[in-house]
Each structure stands twice: as C-alpha cells, then as structure tokens.
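*Asks:* Make a model of the complete structure from these sequences and hints.
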Amino acid sequence: MMHKKICMLGGFAVGKTSLVRRFVTNLFSEQYHTTIGVTVEKKSVSVAGEDVTLMLWDLYGDDEFQRIRESYLRGSSGYILVVDGTRKETLATALDLQRTVEGLLGPIPFALIVNKSDVRDVWEIDDAALSELRQQGWTIFFGSAKTGEGVEAIFSALAHRLLQQTT
Amino acid sequence: MRTHHTRQAAQGKTLCTQLFVALETAVLERVDQTDTFLLQGTVPAWWPSIFGTTTPPSTVQPGERSPFLKQFFTEAEQSWARHAAGLVRSGPWTERDQHGTTLHLEATALLVNSRQLLLVARLGADFEQARATLQQAREQALRHAQTTKLQTRNESRLTSQLSQSEELRDDLLGVLQGLGLATILTDGQGRITFISDEAAGLLNLSTDRTGQRWEQVLSCSKKDRDAISTRLRSPAEQHDPLTLHLETGNPRWLDVTVSPHPRHNEKRILLFHDTTEIHDLRRLLDEKARFHDLVGSSPSMMQVYQLVRDIARVEATVLIEGETGTGKELIARAIHCSSSRKQGPFIAANCAGFTDSLLGSQLFGHKRGAFTGAVGDQAGLFESADGGTVFLDEIGDIPLNVQTSLLRVLQEKEVTRLGEAKPRKVNVRILAATHHNLNEDIVRGTFRTDLLYRIRVARIQLPPLRDRRDDIPLLASAFLGQIRAAMGKGVDQISPDALRLLLSYAWPGNVRELKSAIEFAAIGCKGQRITATDLPPEITRSQSHTPLSTWMPPSTSHDERAQLLRALNQASGNRSEAAKLLGMSRATLYRRLANHRIDIPR
Ligand SMILES: Nc1nc2c(ncn2[C@@H]2O[C@H](COP(=O)(O)OP(=O)(O)OP(=O)(O)O)[C@@H](O)[C@H]2O)c(=O)[nH]1
Ligand SMILES: [Mg+2]
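These protein sequence lines are chains A and B, in that order. When we follow this note's numbering, the leftmost residue of the first sequence carries the number 1, and every step to the right adds one. When we follow this note's numbering, the leftmost residue of the second sequence carries the number 168, and every step to the right adds one.
It should be emphasised that the hints constitute simulated quantities derived from the structure, not laboratory data. C-beta: ideal position from N, C-alpha, C; glycine also. Treat the hints loosely; a few may be bogus.
[As the list claims (entries may be wrong)] Below, simulated DSS-like cross-link-like pairs (lysine-lysine); rule was C-alpha separation at most 25 Å, straight line:
1. B:Lys-509 - B:Lys-580
2. B:Lys-237 - A:Lys-43
3. B:Lys-656 - B:Lys-390
4. B:Lys-534 - B:Lys-580
5. B:Lys-434 - B:Lys-389
6. A:Lys-146 - B:Lys-316
7. A:Lys-5 - A:Lys-43
8. B:Lys-434 - B:Lys-390
9. A:Lys-146 - A:Lys-42
10. A:Lys-42 - B:Lys-592
11. A:Lys-5 - B:Lys-237
12. B:Lys-592 - B:Lys-580
13. A:Lys-88 - B:Lys-316
[Said to hold, decoys possible] Every beta carbon over 12 Å from chain B, so not counted as near; a handful from chain A, in silico:
14. Thr-39
15. Gly-49
16. Val-52
17. Asp-127
18. Leu-130
19. Ile-140
20. Gly-148
21. Ser-156
*Replies:* Here it is as structure tokens:
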C-alpha cells in the first residue's frame, strides 16, 4: 500500500497532536501534554478509490526552545500548518515554518488549518488576515480538534493533492 | 600478562554490556547493506514491548516496526557511506507499545572499525525532567498570553465604553445646551460640578465656575439664599419653584426648582427659568388693569379709563351713569385725581334721601337762622370744595327746587347760602352720577331738562359687571388682597369651582356685590383657599340656574336673554323683583324683555 508522510507543523499548543488524535482515534483531551520530538501515527484512507496510508508526523511545536529539525521533515509528501485561532502570533510562526519547509523540501503540497473554531468568539485571527494567503493559492481550513469540525476535510483535501501529484 | 589482558578484555566486554543495560540502550549492527540488524549484547528491558521478543544474537528489522527509525536509516546510511567519523543523532521520538504506553527514544548512528552500529536508547529521567520544564515554560507562556489578552480586551472594552459614554454625555450636553435649559449641578458639598451655557448667561458668569460653591454664583438676598439652601438640604423633589431676584448689574427675576439627582442622593439639579419678562409684563398689566382705584382690564373698562383721562384734561361737567355698585364714585375720584384740580379738595355728596332744605343747606350753606336749627353761619359743600371737585351722587334724586339752585351754580359759578341774598363766587368742578335713566325722569317731570344738558356735557357709562366678566378674576383677587391685608388672614387663593361660580353669577349688585361676596367668603373660609361652599348662598344657589356647560361669554345677546329669563325665574315671574335682581330699573327691564321678545302674562 502507498505510504505518504505528512508533517504537522506549527507553534506550540496550537493543537497539532489534538488534530492527529481526533483524526486517528476520534478522541480529544483538554489536557495539554507538549510533544517533544516526534510521534508518528498512521491512518489508512481511501482517496478516489485508492487506499493510502497516511504517516502523520506529529512534530513538536516550534518555538525558541525547540527549532524544527531538518531530518524530521525529510521524505514528507506534504504538510499541514496548524494555527491557533485564539493566538495571532501562531499565524506568523506558521508562515515562517512554511518558508523554511519550502526552502528545504521545495514546493510540496500543504494546507493550513486555523484550529479551535469552537471558541471563535475569542479568536484573534480574522478572514482579512487570511484572504491574502488565499489569493496566493493557499488552502485554508477552519476547524476544531475539540468538535472535529474541518478535521477530516483538511486531511482528505491534502491526501487528494498528494495523490494527484503521484499520478 | 596476556592472561591479564585477556581477562581485562573479557571484563571490558562485560562492562560495556552492563553499561548499555544501565543506559537502557539497544546495540544493533547492520548486516551487510540490508535493512536487517543484529542485536548485540543484552537487550534492554523496554525493547520487546516495541520490537518484539528477540534474543541476541538474532536479527531484527526495526524499520518495519518504526517508520521513524526507517527514515533515520536513510540518514545513517548516508553517513556510513561517507565513512564519516562521529555520530549521527536521530533526535527524540516517541513510540507507543501495544498497551498504549509511550516510550521516548533516541537513535545514534556511528561507525566503529567499519562496523555500522545503531544505538537505540530510551530517554530516561533527564529527558522527562527537561520535558516537564519545557511544558511548564509553555503553559506559563500560554497563561501569560491569556491574561495579557484578557487585560487588553478589558482595556479595550473599557476604553470603548468610556468613549461611548463620553459620546453619550456630549450628545446629552448638546441636547441640554440646545434646549437652552439653564441648569446647575451641585455635589454633596454644594460645589458646582456643571453649569449649562444658558445658566452661565442668566447668572452673568463670564468664567467657568465649576468647583465653586453655588452661593458664589448667585448674587441674591440672604432670604433667597436661605430658601435655596433649605431646598438643597431637602432630599425630596419640590415642584413649586422659588422666585429669586438677582441683584447683579442686570437685575433679573428667576424661578428656581431644586431636584435631587436621579442616581446620586447627595447631588442636586438646579433648574432656572428667567421670569423677568413675565414679571415686567405682569407689572405692566397690573398698571394697565388698575386705574387709580379701579380694577379691570376688559375692553369696556379700558375705554372708560381712556375716557376718564380725556375728560380729566378739560373742565367739563360729567355725568357718570351706571348701575348701583359699578364704582361711579371711584370714577369721579379718578377724574379728580387726574385733573389739574388734584391738589384741591374732592367732596362727595349723596343727594338721595335728603329733604329739600337739608340738601340745599348741605350743598350751598346757610345763614344763621335761615331755618329752624340753623344756629350759625355755615358754608356749603360747594364753598368747601372751592378749587376742587364736587361729586353729586344720585343726582336724579335731587328735588326740583334744589335743581334750580344747582343750575345757577353751573351757569354763574356762584352759590347763594340759604338766607343770604348775595351770591358768592365758587370755583368748582361738578361731577354727577346716577343709576337712573334721567331721560325717563324728564318724561316723568322729576328732572329738569336744562339741568340734564348742563350736567351731561360729558358722559361716562360704566358697564355692569355681568358685561365685563373677564374682569371678575382680577377683581376677586384684588379684593382678596385688600381683605387679606385688612384681616391678616392667610386666604390667598380661589378654587376653580368657586371661580366658576363667580364667573357665572349675574351680579345684580355689580362690583360692590362681588366685593362683599369675597369678604363673606374670606371670613367663612377655613384654609388658604376659598371654595365654592364659602361663597354667599345666593351665588351658590345660582349654580342650579346656570349650568356651567351653558355658560356663555358675556355681552352676547343670547347671554342677556338667558340672564333675563334666569332672573324672572328666580323672582318667580315678579318683574320688580327681577329688575332688582338684575340691578336695573323696571323700565329698562321692560325694554329689554321686549327686545328679546320675552312675553310674560301678568
Ligand atoms: N478549545 C479547543 N482546544 C483545543 C483544540 N485543539 C487543541 N486544544 C487544546 O490546546 C492545547 C494544546 O493542544 P495540543 O494538541 O497538545 O497542541 P500541540 O500543537 O500538539 O502542542 P505542542 O505539542 O506543545 O506543540 C490542549 O490543551 C488542547 O486540549 C480545539 O480545537 N479547541
Ligand atoms: Mg503536540
């Protein structure tokens, strides 16, 4: 079966682990347990009649304590940038990461999810900030690991893009 | 030596093995150029839970189980292929065993004597501690961000609330200023916290006085200040305004109401109304409504006042006609007082009810012994009034022979005392009054025609009160004022009901009747205000004859017809009674009845 490596990237505590956990096991925890290094999770999906195993590399959040390791990124078919809607600065982190990754791996498929849409009333990120990125052709989702909103959608959208690239 | 070395070597091997066990590290050596590794030494305790049971020196393919390791091989391979010295580290990663327990691992690739080795170590307590510290740091960073955000949000909410309420305040202020309300706000200490532009204008304030005490901006008498002070101390709203007289360069009359602030008990709102104009107008009106001792502002009275002023300027004899009680003597006095004779005497004589000789001697004087009882020489009224005015009331009642003497006075300007032959010059002005129709007296032969023409050079007809009802409130309050002053009683108001009765009553006795009715009521009145029940019974009773709804303005012929009918009704058809009630002669009554085609069988 086809395996595709997808990296989860973003600032700390944006919900990378939570999104993967929701996608893979359909669970969610309010508790924050910061990731150190990598945890690799697998999930098989069917994209346009083809089975593919997504290898989800849930990386540690990028901040001044831990910089992203090039070796973790290698071999990725695509990546998901996660932004915490309640923290404006996490969008900047995501944009930085995107530049870094593109520098290392070239223009591979990626999508951006603004997470924590269940608490939209305290969001600091609005559509205006994202519309420019959309114009540049970015795929942007709003979602919530807590409610599951947009979770299937972003993984499936990225999986489709990956398969399109293969064929 | 050799055995020593061998033993040492053997011991070293065990030491290394023990060391790896202690470090919880698995040692794997790559088999050829495959993905297969040979497990070396002792397998650490954690190994089987992830990679399955293997006893050294069996082979394993750990990349099959761990995608992370699989990728690390690629990295390690490149390093091995380069025969690079030194270590390649994978960085930490996490694996989960079949029970869900997580293990944190790190792999290191190295080349020892061309042997490709892979060390897989379980990260222990040090790692956990580092992780916990990092977690703490991040949680703290999150909390800090959260509080900052809350603070910013609160701050921006407060800022927006502040600007909203500032905007609202400015709006309200704009409305307040736009309405031109003269307001002052004071705090619990009586200090001014706000003055509207209008108030500043009214009080002649050119500078901002907020922060000062209210007394400093109100230059009025101590009495007025005390009154305001009392109001300010009272927590209750008082609706009746205080009247202030401002004593600044630009004196003003102000009405002030003091209300408590709706939300702050101790604050007060002072609202000023400039009533200067009203005061001036009222004074003017008062002046206009009063002419000497006459009260009334109805058009008919205004005409009378004007006539009096005109007549006063000339020396002509005047006949004042009017029903009883209409104030004929007051007119005479007004003429006298407005004339050039005002410094001279004013002598009034009522000509009714005297015998010929008594009236003659009163008017013209007599010589001692002129008649029984004439014990000395006596000057008459005309002589006494020399240089002034004589007012002869009820001139229609003068006997004919006295009329003749009077004619002489008018023609020759001289009087002859009874019993004397020599006339004396007198300089008097004669004013006469009657409630009769002197024309009728002439017809009847009781009054001399030539005398009438002499007297009636000028003529003032005083309207009956029922023809100038508009003046009733003014008259009533004027009388009330006089009575209050005379009796020292605090009656100063007339209830609307009482006033309505006063307005609808026929007033046969005219102003004099009104005056005595007010006196009657004031004496009987219990409180401050005259009520309907305080009025004399004939007025109270008249109510049944005059339903309020049908009360019509005076001087319409409809009203006169109703009055006639009412009087007749009240007098049970007796015309003399009815005439008396209406304050008119029988002849007048007949004429009016005929005018209105009221026919009553005798
Ligand atoms: N309300 C809400 N909370 C969420 C959501 N997703 C994640 N969280 C919470 O956010 C915190 C961080 O979630 P993680 O999934 O651990 O975040 P991470 O990006 O993996 O963090 P690092 O591993 O430290 O980089 C946890 O307390 C989660 O419960 C969401 O959709 N809604
Ligand atoms: Mg995580």
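*Asks:* Next, verify each hint and record whether it holds.
*Replies:* Against the structure, the hints come out as follows:
Simply put, B:Lys-509 and B:Lys-580 have alpha-carbon atoms about 19 Å apart, close enough for the 25 Å limit, and the pair holds. For the hint linking B:Lys-237 to A:Lys-43, the alpha-carbon distance of about 18 Å falls within 25 Å, and the restraint holds. Using a Cα cut-off of 25 Å, the hinted pair B:Lys-656 and B:Lys-390 holds, with the two alpha carbons roughly 23 Å apart. For the given pair, B:Lys-534 sits about 20 Å from B:Lys-580 by alpha-carbon distance, which is consistent with the 25 Å threshold.
Restraint check for B:Lys-434 and B:Lys-389: the C-alpha separation of about 22 Å stays at or below 25 Å, so the hint holds. About 22 Å separates the Cα atoms of A:Lys-146 and B:Lys-316, which keeps this hinted pair within 25 Å; it holds. Only pairs whose Cα atoms come within 25 Å are accepted, and A:Lys-5 paired with A:Lys-43 is accepted, the gap being roughly 11 Å. Taken as a hint, the B:Lys-434 and B:Lys-390 pair is honoured in the structure, with Cα atoms around 23 Å apart against an allowance of 25 Å.
A hinted pair counts as satisfied when its Cα atoms are at most 25 Å apart, and A:Lys-146 with A:Lys-42 qualifies at roughly 20 Å. Proximity of A:Lys-42 to B:Lys-592 is assessed by CA-CA distance (about 147 Å); at most 25 Å being required, the pair is judged violated. A distance of roughly 12 Å separates the Cα atoms of A:Lys-5 and B:Lys-237; the hinted pair therefore holds under the 25 Å criterion. Proposed proximity of B:Lys-592 and B:Lys-580 is supported: the alpha carbons are some 6 Å apart, at most 25 Å.
Distance restraint check for A:Lys-88 and B:Lys-316: the Cα-Cα separation of roughly 11 Å lies within the 25 Å cut-off, and the hinted pair is therefore satisfied. At the 12 Å boundary, the C-beta of A:Thr-39 falls inside the reach of chain B, the nearest C-beta of that chain being 4 Å off. For A:Gly-49, the requirement that its beta carbon stay farther than 12 Å from each beta carbon of chain B is met, with the minimum near 25 Å. No beta-carbon of chain B is positioned within 12 Å of the beta-carbon of A:Val-52; the least distance is around 14 Å.
Residue placement check: A:Asp-127 keeps its beta carbon more than 12 Å from all beta carbons of chain B (closest about 20 Å). Interface exclusion of A:Leu-130 from chain B stands, the closest Cβ pair being 20 Å apart, more than 12 Å. Chain B leaves A:Ile-140 outside its interface by the beta-carbon criterion, the shortest separation being 23 Å against a cut-off of 12 Å. Every beta carbon of chain B lies more than 12 Å from that of A:Gly-148, the smallest distance being close to 21 Å; the non-interface claim holds.
With a least beta-carbon separation of about 21 Å from chain B, A:Ser-156 lies farther than 12 Å from that chain, consistent with its non-interface assignment.
Hints 10 and 14 from the earlier list are contradicted by this structure; the remaining hints agree with it.
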